[in-house]
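**Student:** Construct the entire structure; sequences and hints are all you get.
There are 2 protein chains.
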Amino acid sequence: MVVASNGSSPLVYSNGTKVPQSTLSSDSVVNVEKGDPMIFSPYWEKMNDECTVVIKAQELMSYVCDENSLCFYMLPQMRDAILRIHNVVGNAVTKDNYIVLGTGSSQLYHAALYALSPSQPPNHPINVVAAAPYYSEYPDATEVLQSRLFKWSGDANTYNKNEPYIELVTSPNNPDGAMRTPVVKSKAQGKIIYDLAYYWPQFTPITHQLNHDLMLFTLSKSTGHAGSRIGWAIVKDIEVAKNMIKFMRLSSVGVSRESQIRATKLLEVICDSYQNLKSIKSELFFSHSKRLMKERWEKFKGVIEQSNVFTLVKNPIAYCNFTKETSESYPAFAWLKSAEGIKDGEKYLEKFNICTRGGERFGVDAKYVRISMISTDGEFNELLRRLLKVKRG
Amino acid sequence: MVVASNGSSPLVYSNGTKVPQSTLSSDSVVNVEKGDPMIFSPYWEKMNDECTVVIKAQELMSYVCDENSLCFYMLPQMRDAILRIHNVVGNAVTKDNYIVLGTGSSQLYHAALYALSPSQPPNHPINVVAAAPYYSEYPDATEVLQSRLFKWSGDANTYNKNEPYIELVTSPNNPDGAMRTPVVKSKAQGKIIYDLAYYWPQFTPITHQLNHDLMLFTLSKSTGHAGSRIGWAIVKDIEVAKNMIKFMRLSSVGVSRESQIRATKLLEVICDSYQNLKSIKSELFFSHSKRLMKERWEKFKGVIEQSNVFTLVKNPIAYCNFTKETSESYPAFAWLKSAEGIKDGEKYLEKFNICTRGGERFGVDAKYVRISMISTDGEFNELLRRLLKVKRG
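Each protein sequence line maps, in turn, to chains A and B. Residue numbers for the first sequence follow UniProt numbering, so the first one is 1 and each next one is one higher. Residue numbers for the second sequence follow UniProt numbering, so the first one is 1 and each next one is one higher.
Hints were generated in silico from the structure; no laboratory data involved. Values in this document were obtained by computation on a predicted structure and should not be read as measured data. Using N, Cα and C, we set each Cβ at its ideal position, and we do this for glycine too.
Taking beta-carbon pairs under 8 Å as the criterion, some of the chain A residues facing chain B (in silico):
| # | residue |
| --- | --- |
| 1 | 36 |
| 2 | 54 |
| 3 | 144 |
| 4 | 149 |
| 5 | 225 |
| 6 | 227 |
| 7 | 250 |
| 8 | 259 |
In the DSSO-like style, the derived pairs of lysine-lysine whose C-alpha atoms are separated by at most 27 Å in a straight line are:
| # | chain 1 | residue 1 | chain 2 | residue 2 |
| --- | --- | --- | --- | --- |
| 9 | A | 34 | B | 242 |
| 10 | B | 246 | A | 246 |
| 11 | A | 56 | B | 34 |
| 12 | B | 347 | A | 242 |
| 13 | A | 343 | A | 301 |
| 14 | B | 242 | A | 151 |
| 15 | B | 56 | A | 34 |
| 16 | A | 242 | B | 34 |
| 17 | B | 151 | A | 242 |
| 18 | B | 34 | B | 314 |
| 19 | A | 347 | B | 246 |
| 20 | B | 265 | A | 56 |
| 21 | B | 151 | A | 246 |
| 22 | A | 265 | B | 56 |
| 23 | B | 56 | A | 56 |
| 24 | B | 242 | A | 347 |
| 25 | A | 151 | B | 151 |
| 26 | B | 246 | A | 151 |
| 27 | B | 347 | A | 246 |
| 28 | A | 246 | B | 34 |
| 29 | A | 56 | B | 46 |
| 30 | B | 265 | A | 265 |
| 31 | A | 34 | B | 246 |
Listed next, the stretches of chain A that the computed footprint assigns to chain B, with coverage defined by at least 3 CB atoms under 8 Å from CB atoms of chain B:
| # | stretch |
| --- | --- |
| 32 | 59-70 |
| 33 | 107-116 |
| 34 | 132-142 |
| 35 | 251-257 |
**Tutor:** This is the structure in structure tokens:
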């Protein structure tokens, strides 16, 4: 619970703690539209000593990292670190599967569409669908080059064509944090891309060690290092893996080695700390980040409850095999529904200088808005301050 | 001139120096098919102290590097280093142009096709052409997603449709090192992508400060750091630049920050050394690498002259505004033509365990083969040893 201020007295939460003072002028815009994972930055500041990487002029010059590997541009130690983090967290099965590295999971999304589309296209491109609300970038990313191999076909819930399709299953879902399974009921042949960017313990209980045909992960949301542009796919079928790698070769001749060195180091330090191989000065990464997410969600829910403008769905609760406790999900985004009479949530919040992403971008009604829960502390606190002023007149 | 050995006596060049002893067994394959720029690696080994980069855990985490810049994912210091190297070398005009960063120039090639294609496609996709022999990856890279926006239409020399087109001008050309200008004679509206990957002083005299609408460069061939996947486009039209950046956002949300930090350091060290800002222990980069290329070409030409199997075209000679001397080009690839009676140069060389790339991949006759001149010293010397044995029976 948060008690709003009157006039110039400071804002206080109901437990007496003050809402931190604003560092932004009131006419500046608080941007919580994007999903920049800056919430984890202070943690990594404390880890600077353990995680520093040093790269010399002569290192990592070749196009080829491992000529004996299908994924010739992936450093062997990068592959090992990916296998190890999944083994530590228990969120995905890697045994007998192939790892395909990408410039973030965005590039792997294209690689996966390429690899899953029929190589001899029929009259129609394969339909690509996702249950609404779906990740807002999927339609544009799918359509950018107007491929004859695949096309964006909208909401998976209403897909009823008797034609082959690819269903995107984002779980936990962006924007609403829901745990998802495929929804298409068509009898036609379907393939599934699991986008598991948020299937990490800080965001959601790890309920299963997933073992799907094609699963996408990204460093951006697992450790918060979005700038590194490191993503990876776990792929069962060697032909699919080969075609994804072919796409990666034609698209960018692989992935930055410097990012791979850094991502390897970050993942190794996390794994070492959980496997008690090295003591670290800070709290363990997933415990720390889950605590941060929980704290933000509690404050946020307090603010929204006070408002008579927006409602939130309840976050799922489940037993987490990783933390060995039952807990709520703390999604990277909050998904708000505007009250009756407010047609456009994004426009409504613009009046309070809060920049969000409206529901129509996610394939649903403009009543909905998505708000980032993983921005900087400064932005998040300012968001709370402004949301406290959001009251229907 | 090289004198071939008889039996087990060592191979010697005509000036008396020995061809280095082989480190490979005679039945292993020498791979000079790819263009991995490992020739520059020993130089950078000597520069390890000056060029080391250190990246801490907290650095470079955000999706955004510079929110005030069109190219939001490019570090300001990366941009400055790109402007500076072109200023030092004098190979391209950057003033009043936009810089778009890519994951190597491969990704920028796709970004450029996207940006130059009509946004409202007519009945036909725009034709993409390049004068044969053209870079062997262009057809596959153009066709990979079977776009409705553009299509590969082959040799620019024979293009005579009255339809809009995009001409790729690679200069110096890959595979044959020729200095190129557009060749399409069609009266239809044409746009040009200049692929200037090899327009650096070690490969060719810098004759002009080029100032075309869209020019592509890459770190892979300028400094030899292919593993970093850093390329950049210099673009005149802001709308084209914006569309390329839109493609980069949808394709991979930008470019690795770690690679940017490293590329910046490497380019800065080169610029500092030329601008006498810091003395370096080693020779200057472009002088050193031009000397290496020249030495290799002289040895290589000696070997080919002795053979009655292959011929080479003369490399162009011109005054270089950068080195202030008239000199030959020393292309990154040798482009060999087989003698009468040899139909397939690639197959012919396979018998000597030399792996090359045949002419058909470049849109011409199989009589031609491309050979990398920028492999490791070990591979290059082994290539010479084996070519000495190539004699028609």
